[in-house]
Structures are given as structure tokens and as C-alpha cells.
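*Asks:* Chain U is already provided as a structure; the job is to place chain R on it using the hints.
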Amino acid sequence: MIVETGHFALALALAISLVQMVMPVWAARSGDPALRQVASQAALGAFACVLFAFAALTWAHVTSDFSVQNVVENSHTQKPLIYKFSGVWGNHEGSMLLWVLILTLFGACVAAAKNSVPPRLRANTLGVQGLITFVFVLFIITTSNPFSRVVPAPLEGNDLNPLLQDVGLAIHPPLLYIGYVGFSISFAFAVAALIDGRIDAVWARAVRPWTLAAWSFLTLGIAMGSYWAYYELGWGGWWFWDPVENASLMPWIAGTALLHSTVVMEKRDALKVWTVLLAILTFSLSLIGTFLVRSGVITSVHSFATDPTRGVFILAILILFIGGSLTLFAWRAPLLRQGGLFAPISREGSLVLNNLFLVAACATVLVGTLYPLLLEMLTGEKITVGPPFFNATFIPLAIPLLLIVPFGQALAWKRGDVLAASQRLFAALAVALVVGFAVLALTWGGPVMAPVGIGLGAYLLIGSALEIVSRARGYGASRTRNLDQIGRRAIGLPRSAWGTALAHAGVGVVVIGIAAQGWATEGLATLKPGQTLSTGPYTATLDRVAPRAGPNYEEAAAFLTIRTRAGDEAGRVETGKRFYPSRKMSVTESGLLTIGASQVYASLGEIGQDGGVGVRLYYKPLVLMIWLGAVVMALGGGLSLTDRRMRVGVPAKARARAMPNRAVPAE
Amino acid sequence: MTRKSRRLILIAACGSVLALAVGLILFAMSGSIVFFRSPTAIAQQGIAPGTRLRLGGLVKDGSLRRGPDQTVDFMVTDTNATVEVQYKGLLPDLFREGQGVVAEGMLEPGGRFRADTVLAKHDESYMPREVADALKAQGRWQEGGDKGGPKAGPKPVTASNGGTLGPRSER
Chain U
1 MIVETGHFAL ALALAISLVQ MVMPVWAARS GDPALRQVAS QAALGAFACV
51 LFAFAALTWA HVTSDFSVQN VVENSHTQKP LIYKFSGVWG NHEGSMLLWV
101 LILTLFGACV AAAKNSVPPR LRANTLGVQG LITFVFVLFI ITTSNPFSRV
151 VPAPLEGNDL NPLLQDVGLA IHPPLLYIGY VGFSISFAFA VAALIDGRID
201 AVWARAVRPW TLAAWSFLTL GIAMGSYWAY YELGWGGWWF WDPVENASLM
251 PWIAGTALLH STVVMEKRDA LKVWTVLLAI LTFSLSLIGT FLVRSGVITS
301 VHSFATDPTR GVFILAILIL FIGGSLTLFA WRAPLLRQGG LFAPISREGS
351 LVLNNLFLVA ACATVLVGTL YPLLLEMLTG EKITVGPPFF NATFIPLAIP
401 LLLIVPFGQA LAWKRGDVLA ASQRLFAALA VALVVGFAVL ALTWGGPVMA
451 PVGIGLGAYL LIGSALEIVS RARGYGASRT RNLDQIGRRA IGLPRSAWGT
501 ALAHAGVGVV VIGIAAQGWA TEGLATLKPG QTLSTGPYTA TLDRVAPRAG
551 PNYEEAAAFL TIRTRAGDEA GRVETGKRFY PSRKMSVTES GLLTIGASQV
601 YASLGEIGQD GGVGVRLYYK PLVLMIWLGA VVMALGGGLS LTDRRMRVGV
651 PAKARARAMP NRAVPAE
Chain R
1 MTRKSRRLIL IAACGSVLAL AVGLILFAMS GSIVFFRSPT AIAQQGIAPG
51 TRLRLGGLVK DGSLRRGPDQ TVDFMVTDTN ATVEVQYKGL LPDLFREGQG
101 VVAEGMLEPG GRFRADTVLA KHDESYMPRE VADALKAQGR WQEGGDKGGP
151 KAGPKPVTAS NGGTLGPRSE R
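Sequences listed follow chains U and R, in order. For the first sequence, my numbering assigns the number 1 to the initial residue and increments by one for each residue that follows. For the second sequence, my numbering assigns the number 1 to the initial residue and increments by one for each residue that follows.
These aren't lab readings, by the way, just hints derived from the structure by calculation. Using N, Cα and C, we set each Cβ at its ideal position, and we do this for glycine too. Take the hints with a grain of salt, since some may be wrong.
[Stated by the list, open to error] The calculated lysine-lysine pairs, modelled on DSS-like cross-linking and capped at a C-alpha distance of 30 Å, are:
| hint | chain 1 | residue 1 | chain 2 | residue 2 |
| --- | --- | --- | --- | --- |
| 1 | R | LYS88 | U | LYS382 |
| 2 | U | LYS267 | U | LYS414 |
| 3 | R | LYS88 | R | LYS60 |
| 4 | U | LYS414 | R | LYS4 |
| 5 | U | LYS528 | U | LYS584 |
| 6 | U | LYS382 | R | LYS60 |
| 7 | R | LYS4 | U | LYS584 |
[Stated by the list, open to error] Pairwise CB distance ranges, derived in the manner of DEER restraints:
| hint | chain 1 | residue 1 | chain 2 | residue 2 | range |
| --- | --- | --- | --- | --- | --- |
| 8 | R | ARG112 | U | LEU155 | 44 to 54 Å |
| 9 | R | ALA13 | U | LEU320 | 30 to 40 Å |
| 10 | R | ARG114 | U | ILE345 | 52 to 62 Å |
| 11 | R | ARG112 | U | GLN531 | 44 to 54 Å |
Okay, chain R solo, but in the shape it has when bound:
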């Protein structure tokens, strides 16, 4: 085998693995990316039911209702608009009314949001960054009060009914 053909084989191998990787990335990017939306954005944009998205906002005071078999209903608001959320599973430890929350799932035809994952942060003063930004964009959130002090912001503690119950069963 000549030097030239060896080099060609090497280049072909590099090229094909690279092409495979790029192809996989593009394929996966088109199908598995989840966008973040605030309740206002959902109200304004008319998002089609069935699209996976992340909904973020504050849990509306007094909206939490517990149903049978660990189903919970609550409202997520950014004070302009409100979305009703239904979730089946254990809520994270720091899920509270009036606190920030991020829910992942999809809209149902009736406008209700069916969440399969609910994230809340394990810190009293914590507000999910996406929620804080969304509220800031509407001028309803002031910086401050979160400087100094112990900000050991932990990993979002996630309650998920992934596994065999939800669509994310590949976990």
C-alpha cells in the first residue's frame, strides 16, 4: 500500500466520522431542543398544543390543589398572564406558592399545561434564572437581596415522572 493511499484512507475515515457526528448533531438539534416560554409568551404566541416546552414563572398564591394519586394542579404566573399546570408526581422539596418554578412538558388543547418535570431550587432566596430574566424583562423583578450571604445555589432538585410514566422513558 503506498503512502498516498494510506493517507487517503486516513482522510476518508476522519471525514466520514466527522460527517456522521455533524449529521447526528443536526438531526438531534432539529428534534430535541426545548424552548423556554413565559406565561405571557404562551398567551401571545399561540403555541400549538403538543409542542414540548419549558414554562417558567411564579407559582400563584393559593392556586395549589392536590388531587388523588399524587396529582397536583397549580397556576404559573408572571403577573401578566397565567397558565394552569397539571403534574403527577412528587414535587421538589422547595416547591412553594409564590416561589419561582420551571415546568417542562407540553400544552394540551384546552390550554392547560401538562408537566412531566417540575424544577424548583433548593434555596429560599432562589429564583430560576430564566424566570428572573423573564420577570425582569417586564420590570417586575428587582435585583438585590441576593448579594452576599450564602448563595450555595444547589442543583435544581428535580421531580420527574420520567422513567416509565412520562415520555422521557429513555432515561
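If we strip away everything but chain U, and leave its shape as in the complex, we get:
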């Protein structure tokens, strides 16, 4: 019964989203502003319905209701409870439902954030949001219904893919989706502005918190996915330039560009048309990502059941939204009042340069991702565009971009002074060079790019710190050398300043982590108990190999002791091969030993008849900095969100009801 009610709630959400879509248009036609209010209520209603549908599916999974096809295919009575929850979105249908749940959640948030968005803009935004909801709910109901029943119901389910039975599944997809789908709000705002033919700094201020929130979550989602792949796939790579990874990276890069161009628009009332275009492109890339991942064009852990009708449907959605919004852009963008051009040497000039490099980098990733697909479609030739391509295109574009990060911040708005900026950054440049050369000297004969990367990371870190310091010292007459006063001023700086500095420092941390992988080492050997294998500064001794049982798998585990070259014990790791009888599938479970920010990574190979086991051992210096840096970046985004200037109007019901038509733009 609950399942049918969930199905019904989903159908109801379809109808409500239609209302949400139509009402703002009608309101504009009839000139009755009260009708606009309906869009807000519809957005809240659609969210409630989808939430109910999602809860119903979760219920079916948790109670192992094997009369539901989706549960049969992805669950098992012996599956641990946490995977019964996360298994709800560990399949195509459920993950699309999660997608729509987050979409309507954002719609509801926009509807609830009464004071931050002008009513007309809000209604139009919700209308566009309603269209997106309508199309995706239609997609779920017609091609990917999670609520379909099986008769007769089997006694046992097929279980979830063992690779997905991991905490990663509970965290990675929701974070990533909040990011992906969050950009739909920026998109809806952009389309609303185009429909209205009006765009100004208020628009930029209204859209920025949403972009920032989406970006922060996407950052976390990508980092989490990368770490999950790192420890789950058992061969120590943290980024594979896999099409599925690129699908999430592209909206992230475009979203980063959008974040920065919105700042220019808010402060200087310029780059309007470009910002609107970026908002459209960012969400389009999210949709392309969804298409690549969900349509089965690319086979990966993310492409669940492949069904051609789904691919065609998603392709149609893609054409509708990307084609439609770009057409609207071509038609309406000339109507938008253009902002002025500005001096090339200025904060806004450097942000334009930032946008140029980001968009170029995004384009190279897009080409590398889509080219093999197009070539195969056109000529039938199968090619692989792998890491060498992306390293040769992405890195040369990323390095100049990173170099201008602190530099742009040191320039003033309107008219900057290169010399003054260089002087301010002198300390950062000097320290970066010293660090780079010192590391190069210490690791002479090693990879050259690694010290360069470490120096670049140091430059970014110190550049961010200098930005805070120089802002705290003040400019002109109020400039001070009094440490007390600097400290007080630093604390008093707007949170967005701290957020920016933190996010940029996070980039520096990531760069250092990536660069240090140049010194990663690995070893491979067949070991019998008592034998050792060395890599980097560590030696692993195989203590024993023993079987052990898990809740729904059997495991052969190898126990290793890690020692330094001097012979001191650094720790123990266990790596195993797990066999899942329900799917007749075995999975290697890697063993990790964290030493500071570095890791020793062991993974188990074939177990021979003579008692020897294949062991691969990796030493990954400072590898944790890659993901910690991403967390720092997201924290910076979160900190900026709490800035007074940016705060999304918290729903203030009583007041709003008293003065329905006097929504005040947030300040």
C-alpha cells in the first residue's frame, strides 16, 4: 500500500509541477500578482510529494519488500542496514528519484527564501524550476519507475553490487547531486532574467548564494567520489580522467567560473550577458553529465541498467533544455542592458582572465570526453582518450590560472596597479621560489614537476594569507602596523573575505597533494608469511593470511605489519578479497595506513596454492591533502555563505504574511 501511495505521490508531483510552471506565466499575462504566490506554494507541494515518494521507496528497501522490482534487483535480506538505506539510490531508478528530490528541495528553498529574491524574479525562477521538475518526473514515471511490482514476489533479492556496498555510497551521490542539481537554480534564474529581459546587480546578489552552495557541495561530492574510487578500486589511483569523472568535473569548472563572474556583476554591474550564458552552460554540463552517466553511453560503475529508451529520453531532455535555453539566449540576450567595459589591469580584468582559462580548460575536458563518442558514432573507430591527453591539455591551462589567483586578489577594482600588486605578493613569490628550489635540491633526480607544484601550492597558500593580512592592515590613511589592531581588523573582516581566502588556500593544499604524487612509489611481490616487500621509506611484512566471515560475504584477509626502513613499527594493515555469494562476485578490499597526511596502501592479489599471495604496496606521500584541500575549499564556500551580505533570507513567515507584497531585497 505504501508503495502505491508513493507512486501516486510521484504522479501528483508531476501535476503540481505543471501548475508551478504555468502560474508565473499566467500571472504575467493577467497582471494578478496573487497568482505568483501559487508558484511558491506549488514548489513546496511538489517537494512534499517527492519527499513522500522517496520515503516510500526507502521503506520498501528497508523492510526488504521483494514484491517491488527495484528492491529485488538491488537488495538482499542479509545486506547490512546502512546499505539498505543507501541502496535506495544505488540503482538507476532510485538515483533519479534522489535527483528529483533534491531538485524540488531547491525549488522549495527558493520559495521559502522570501526576502532575498524580488517576487517577480522568484515566480519566474520557480516556473522554470517547475518545467525541469515536470520533465524529470515524467522521465521517472514513464521510463524508470522505481515502484513497479513483481508477481510473484521472490523470497530473496539479488543484492546490491558489492562495489557499492560501502559508506561511500551513502555520502558521495547525495553530495554530488546537491551540487549538480543546485546549478539548476542558477539556470532557472538566468532563464527567468532572459524571459524578463532585465538583469541587474540584484539578480547577481540573488543568484550567488545558490551557486555558492551548489559549488561547495559539488566540490565535496567530487572529492568524496575520488577518495572512494581510490580506496575501493584497489590500485591507488585517485583520478582516472574517466568520462564519468569528467562529467562531474566540467560543471564544477564552469560553476567556478560562474561564481567569479557573478562577483564582477554584483560589484561592477558588468559581464551580465556572459554571466547568464555561464549559468546556462553550467547546468547544461550538469545535464550532459547526467546523460553520459545514466544513458549507458559509457559503461562504468555509474551506468546501471542500460535501456535505449532512457538514453533517447534523456537526450530529448538535453536538447530541450540546452537548445531551448541557448535559443532563448540568442533571442533575448541583446535586450539585456550591457555593462561597460573596464580596464584590463584591474580586479575585474583578472576575473575575466580567470573565466577565460576556466572555460578553456572546461572545453578541453569536454573535447576529450566527447571526441571518442563522436568518432565512434561517425566512423566506428574506437579510441581511448586517456590521462596523457588530459595532462597535456588541462595542466598547461591550469598553471597560469593558479598563478593569477593571488595576483588578481591583490589588484584593486576599476584600476589596478601591477607594480603595487607584485610588491604585495613579493613575500609569496619569494617563499614559493625558495620552497620550490629547496624541494628540488632535496629530491634531486626525481620528477621535476613535483617541486614546481609544491612551490605553486606554497604560493597559493601564502598568497591567501597575505590577502587577509593586507586587508587587515588597511589602505591609505588607515594603514597600520599595530599587530593588535591588525588582529582585531582581521576578525572584523567580512566572512566572505575569509571564505575566499580559505577556498583559495584549499586550492593550494590540493595542488601540493597532487604534486607530491610525483614521488609516489609502488612495489609488487609474491609473499609467503614472514616475507617482506619494500616501497618508498616503508617495508611490509606479511604476518599471516586467514579467512574470516562478514555479514554477507566471506573474506580471505592478509595481515601486514608496516615498518620504517629503520625497523620501527609504523602500524598494521589488513587487505582482503571478499567473496559475495549472493552475486558470486569477489572484490578486493584495500588496506590503508595513514601516517600524517601520507598513506601506505596495500592491496591483495591472487592467493596461490603454495600459500604465496600477490601483494601490491603503494607509498602515497601527502595524498590526503588532495581531499582535505577540497574540504577546505568547500568550507571556504560555506563560510562565504554565512556572510551577512549573502545570507539567504530565512523564511520569516509572520512578517511576510503581514506584508505580502513588500518583499525587501536582502542586504
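*Replies:* Structure of chain R alone, referenced to chain U:
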């Protein structure tokens, strides 16, 4: 600075970054693309040793031999032709005789294929798409048996001796 010169600078900046990106793409495209080949194609086309390529087919039954230090030898076949493959490293969990496999590496002068990456899929009924297509092209693979059921086709689980052992050390 006049409006005109500002616009010129903007256009020049856009143009140069765009040109840089296009140049990088073209440069990288010429050097780093790997083609997929079936054993038959290798036998017929006379590919020069040392060219990086992806070899796909079925692991021939009874051909797997394990050498010292985790070296493995096996044959990849598409039933018309067979290529001998040597790989040093841990094979993916679902590497089996009689199952589909994709190996990346290069041909040695003797005709043996030295793989540095071996991909096999984590699913019993799985066949790498490239292999399935290549076999289909020869009429040796029928569709079916892969409809319905849980097709949570996972990411190719890769065993690689990239890192410091293989040529892909930039990872």
C-alpha cells in the same frame, strides 16, 4: 585608455587563450590517443611494434600461466586470431579464462603484446562493449541473456602497473 583599445585587449586575450587551448588539444590528440584493436585486426594490419593500443577479446581457455614475481601470460582471442599477452601485476578480481578482457600496452617485435593495464569487468555476465562489438562484427556474439536482471555494470576494475613501473608514470 579608450573604449576601443579596451575592447581590443579583451578580444586579444580571448583569442590567445582560445588559440592556446586549441593548440594544446591538437598537440595532445596527435600523440596520446589509443586505438582499440581486435586480435584479427592485429594479425591483418601488421601494426608496428611499439605503438600503444588497446587489445580486446576473450581470454583463451587454458592459456593462463603464472610466472615468477606476479608475471602472467595469457592469450587473447576473438576465435579467428590469437595474441599472446604478458602482464606484470595483479589481475582484476574478475579476470577469468573464457571471459572478455581489454588490455592496454604495446606490441613487442616478436608479436607478443606487453600489457601495462588489464581491464575486466566486475560482473559475471559482462563483456566489454568493445569486445562485444568486435565479436558481433564477426557474427560470433549473440545479443541476449543480458536483458533484465541486475545489470549494475560497475566501473572497469583496473589493474595497472602504471605508477613507477610502467610508462604511465604521470598518474
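*Asks:* Report the numbers of all earlier hints that the structure fails to satisfy, in ascending order.
*Replies:* Checked against the structure, the hints that fail are numbers 7 and 11, while the rest are satisfied.
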